[in-house]
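Number of protein chains: 2
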Amino acid sequence: MQRFHSYPVRLDGTDPQATRDAIRNDFLSAYSLFEALFGLLKDDNVFYRRSERTRHPMIFYFGHTATFFINKLVLAKVIDKRINPDFESLFAIGVDEMAWDDMDSSRYEWPGVDAVREYRTLVKTQVLELIDTLPLQLPITQESPWWVILMGIEHERIHIETSSVLHRQMPLEEIRPSEAFQYCNDAGLPPENSLTVISGAAVQLGKERGDPYYGWDNEYGSARMEVPEFRTATMLVSHGEFLPFVEAGGYEDPVYWDEEGMRFLERSGAKHPPFWVAKAAGGYRLRLLDREIDLPMDWPVEVNCLEAQAFCRFKSVQEGRAYRLPTEAEWVRMLESSTALAGERFDDTNANINWNHFASSVPVNTFLQGGLYDVVGNVWQWTSSTIDGYTGFEPHPVYDDFSLPTFDGKHNLIKGGSWASTGNETLRHSRYAFRRHFYQHAGFRYVEADAPAESMPENIYETDSLVAQYCEFQYGPDCFGVKNFARNCAEHAVAFTASTPQKRALDLGCATGRASFELARVFDDVTGIDFSARFIQVGTALKAQGQIAYERVEEGDVTTRQIHSLEEFGLKETAGNVQFWQGDACNLKAHFSGYDLIMATNLIDRLYEPERFLAQVHERLNDGGILLLTSPYTWLEEYTQKAHWLGGYYDENGEAVESLSGLKAILSPHFELLETFDVPFVIRETARKYQHTLSQMSVWKKR
Amino acid sequence: MQRFHSYPVRLDGTDPQATRDAIRNDFLSAYSLFEALFGLLKDDNVFYRRSERTRHPMIFYFGHTATFFINKLVLAKVIDKRINPDFESLFAIGVDEMAWDDMDSSRYEWPGVDAVREYRTLVKTQVLELIDTLPLQLPITQESPWWVILMGIEHERIHIETSSVLHRQMPLEEIRPSEAFQYCNDAGLPPENSLTVISGAAVQLGKERGDPYYGWDNEYGSARMEVPEFRTATMLVSHGEFLPFVEAGGYEDPVYWDEEGMRFLERSGAKHPPFWVAKAAGGYRLRLLDREIDLPMDWPVEVNCLEAQAFCRFKSVQEGRAYRLPTEAEWVRMLESSTALAGERFDDTNANINWNHFASSVPVNTFLQGGLYDVVGNVWQWTSSTIDGYTGFEPHPVYDDFSLPTFDGKHNLIKGGSWASTGNETLRHSRYAFRRHFYQHAGFRYVEADAPAESMPENIYETDSLVAQYCEFQYGPDCFGVKNFARNCAEHAVAFTASTPQKRALDLGCATGRASFELARVFDDVTGIDFSARFIQVGTALKAQGQIAYERVEEGDVTTRQIHSLEEFGLKETAGNVQFWQGDACNLKAHFSGYDLIMATNLIDRLYEPERFLAQVHERLNDGGILLLTSPYTWLEEYTQKAHWLGGYYDENGEAVESLSGLKAILSPHFELLETFDVPFVIRETARKYQHTLSQMSVWKKR
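Protein chains in written order, with the UniProt record's numbering: chain A, 1 to 703; chain B, 1 to 703.
These are calculated hints, taken from the structure and not from any lab test.
There's no promise every hint is true.
As the list claims (entries may be wrong) - Simulated pairs of lysine to any residue, SDA-like, Cα-Cα distance not exceeding 20 Å:
#1 B/K642 <-> A/S465
#2 B/K42 <-> B/V165
#3 A/K689 <-> B/A656
#4 A/K42 <-> A/I175
#5 B/K689 <-> A/Y639
#6 A/K689 <-> B/R606
#7 A/K701 <-> A/T500
#8 B/K642 <-> A/D557
#9 A/K81 <-> A/E637
#10 A/K689 <-> B/Y639
#11 B/K124 <-> B/L134
#12 A/K77 <-> A/E637
#13 A/K689 <-> B/S698
#14 A/K689 <-> B/E685
#15 B/K689 <-> B/R561
#16 B/K689 <-> A/E637
#17 A/K642 <-> B/S465
#18 A/K483 <-> B/L694
#19 A/K483 <-> B/V682
Said to hold, decoys possible - Pair ranges (Cβ atoms, derived):
#20 B/T676 <-> A/E143: 40 to 46 Å
#21 A/Q204 <-> B/E118: 39 to 45 Å
#22 B/Q17 <-> A/T339: 26 to 32 Å
Ideal Cβ placement from N, Cα and C applies to all residues, glycine included.
All chains, please: the whole structure from these sequences, using the hints.
Structure below.
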């Protein structure tokens, strides 16, 4: 078959032109492999179908990876012109199954496939132009504009992997088989699995900042784990090994499933692994990318984490021993004990990975890597470890919600890569996690160990001290006698809209959502929007569970657990009026309009193009509607390039320009300024250290 | 002669072992050249002589470069054990002629030369061990421990240059001529100088962060200057060209000197350039490193900036044209128009630099570099530009007062290097500045231009926003009704010492000095000590001039000029009781003792080893004396490694440890805790943004 394999670019070369060329090839190979996959869709109508209910139609993904390049390049200030603002808003968000991803199709008018194809070409031209012309300083560091390009490439590679899963879920009649992708013809009886002893050792996890390959935020930092001796399945669990569980009615017997597993069974109605197709005459076939074949009993079974765990319980009961999924650290011990590494990369000559062999699985006894088969490649392997940041974790500023929202105890790590894994996914330090009920080209191997799997405490906000600080700011007690800022602003907003309709309100830059909830006391319908999923998830959790817990810093590393509920603020009754979404104030989806009130507190000096937001905000307000802004005008180049500051600079005559003048200049054509006054707020950093700020509130009435 | 030339190490190699070897060679060559220079001192007694009144005796310099390695390695937390704490305090500070450098020899007991030689050997062993064992990640960045080693090497290279000047100022009979250093034998009639036109162009100044060579903080950032066409002396000014100025009585005629020049003449009694030695029979000889020769008329004259400017005025009067010193940007235009560069380095094959030709000057018409002679090398060239930070300037955290205290309008840039320049000094972006009355191996070339030299406004604290913030904190108005913190602490200190003697007080971590002045209302003798010269210079300036001016940030880039005087606080009368010194609280000189009060406000959580300071502080207090501490206990790894935190962590039982407990554990053996209470303070960042903190004051009485 056409070989799609490719190798990650080294960041520390000495020849900038060679690195430039390598990045160019990397970009083109990812872009074209992604498009080749979508070539499997039989005709353009299929782009508007969903592979499953919880997902966007295929057209979304087709546009998404291209808009990602532009959105991140704009955010990183590498470019300042968008290609198609509508597309870049429409295709921006909605990949993981997050409560704040707006999946309601009725809101969207999807564009034509040709328009998206054309858009993809424009993006390609733009990225290639950057690759040809951006100054290149070696090594490429996380601050470099090149990091953003590599991020876009690796992001596309993730979607190559996940889209190939979506393709396997599309009805076969919608797919056009392709010669480009060839599946393995080898199939036979399932080999008998066995247990191999892996000796105990300390494992050092995490990648160094100066590592010569691109990495996602969650890979960096360090963690040291003591791994006691354990015994692991020598091979991945094959269809043949899994079949007795299915035939014994394992999918119907609650004894093998935990609460989350039971919810999955109820919702999905699953009776067997997802890519199995039950034959009328009994028995199963297996769905591949573009065809079905008779179930190859010696290929690895593909299941989600919950099914894998159910199998382990089944096998434990059968044999009277304790089987479970391995932890992340145990898998690393297997890797260390294997021959699967070629330097920092997985060795794709002896592993079914990197599209280097087939566009499908192969028998589980094909690739022996030391004492174990398939430590790397074939299908991903679920672990019992939920993903969390290592010590020293820091989100990358251009993609601060890549990992953090998944540190929620609900996302488990998968290791080893599959036949469809490329780029970063083929590196030893790569780390990906999915919801336990999600499907990937993923299966599992079981382990038997005296030690229980080390489990992470489900401490949602422990790793995100900034979010904890905002929780305390919005839900904690008053400091220095200064009134809760979110509540105070909401009360001002309600007062200023007293004589106008109080139906729909938009809280832009809502952070952890307090002001949105407060507005809902009066408004029938409140939309809370924040740029970062890190913050949105707090409001969402409050709405769903009524309370949140976070770790508040007292002194040094010492924290205390804080719990707050909507009930204590009398906000429980009206929380149903609030919807939280993730969005970019500088490029908001069109349907966020028709509001009586738009409130943006402490937002404008954190936007990359505040004037863009301000110049269009009137379009989203009803006539006579109120725009309420607050800001301490703390302009920082980190967030807003100087050319975009609304004030805080000297004009060409040497006169100081105040930010309020900048606001007036932009807003006056559509607004009357009703009032300005100061509203103080206090953000607690530790028990002794606070930020005490005087925000200026300005209230504008749409003419 | 023995060749001492060496080339700076590239930071971006690909072979760590090769880089390690190169750094080892670089270190050894600098260390041995420095020691070879001190081998010129005839016997050990000479080490205790000063080259001139304002300088320490030679023994100080001999120890200084070695202690620098240890002090910076400790500060950067690369090592945690000192070699000789007394030496590392004694030899730490006192190089530039700063008011807070403690030059009073009566305070010091200088150790024997052999003890210092032995110390130098121990340091050499320590540094070599680090070079052999430290993990090396390429490229070396400013955060790397290797940067600190390179800093030590480059610091030693600066002292090679400046010590060779001190040697030229020592009485000849104290010097033992050496074969290692050979001077040029070539001398003749002065060639006639001429003017060469340099076309106008825009000049881009400043070095990029990723530049492949070590740089000092002041080299980074960027500045773009438009340089109009000008005419420059083709050669440096020779002794022969300078002589008529001397013979015309130029050193006695006030018309050629500005106010600062007149003060220099009065203080020094200079009648001719410094290295000229008047012969009894008339005429001059020239002092070299280790000998005197007849004044070679075609060698470049060596003068300070004030003398160079006086000559320009003389020549302007003579010829009725406007001559002046070139600006930094004009010199860069000369460099760009020349053939003096070999990549990023100056080409030492065609320039008298890097000890590659002679240990002396050569005739000014020896090295033609394009249209001009000696754009690079022979002697440094004074410019009319005072040194300032480029846009984006940031002090290096391990040496935050390398440049900032020189951004005072009193230090002018010298460019091009001399025969004694090595390492960083031979790089195109190197930037060094000295007081205008200082001597180096420095001369000048004049320019004639229609445009006046662009002069920097003398805005002392404009480039140091942190110092400006502290000035406002200590001398600005109260915010949020919170009393001035320095004054408040001083008042508490006075109250707590009411029943004990109030003679001598130490204000450790005095920052910009307000509390020291406040204590002097009551105490007879107050010592203010801070780690950074950036802060010390404010108190010193207040004491000397009675007032300070700084730029306070209002919004964004907009600032307002603030002026405060001791008089407005009623502190003028008692300011004479205060002395400010630079010092390290964790390794303070022994003579800072015998105090009735030691106050350390907001200091302990910024020390690298707070327990070291606390465990010894009782030795500096008189019996019954008071130790007054305040801290918000904001422990940050940036300042204090976790192992040294006094609290804010969980102990082995999982119990939270408060910092006050940590204080008690260390101080109890020698102190009784009298009282603890909170003292709030507010630091203004902008007109709207403040830090509002509750410091805990603890008052300890020495048993």
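Outcome of range test on Cβ distance (B/Q17, A/T339; 26 to 32 Å)
holds, 27 Å
Satisfaction of hint between B/S465 and A/K642, Cα-Cα up to 20 Å
holds, 18 Å
Proposed proximity, B/E685 with A/K689 (alpha carbon, max 20 Å)
holds, 14 Å
Could you grab the alpha-carbon distance between B/K124 and B/L134 and see if it respects the 20 Å cut-off?
holds, 15 Å
Pairwise hint evaluation, A/I175 against A/K42, where the allowed Cα distance is 20 Å at most:
holds, 5 Å
Is the hinted pair B/K642 and A/D557 satisfied, with a Cα-Cα distance of at most 20 Å?
Answer holds: B/K642 to A/D557 is near 9 Å, not above 20 Å.
Hinted pair, alpha-carbon criterion (20 Å max): A/K689, B/A656. Please report holds or violated.
Cα-Cα ~18 Å, so holds.
Tell me if the straight-line CA distance from A/K689 to B/S698 falls inside 20 Å.
Cα-Cα ~18 Å, so holds.
Is the hinted pair B/K689 and A/Y639 satisfied, with a Cα-Cα distance of at most 20 Å?
Distance ~17 Å between B/K689 and A/Y639 Cα, so the pair holds.
Measure nothing beyond the straight line between the CA atoms of A/K483 and B/V682; if it is 20 Å or shorter, mark the hint as holding.
Within the cut-off at roughly 19 Å; holds.
Run the distance test for A/K77 versus A/E637: straight-line Cα separation, threshold 20 Å.
Given that 20 Å is the threshold and the Cα spacing comes to 11 Å, the pair holds.
Range hint 39 to 45 Å: satisfied by the CB atoms of A/Q204 and B/E118?
holds, 40 Å
Taken one by one, the earlier hints all hold for this structure without exception.
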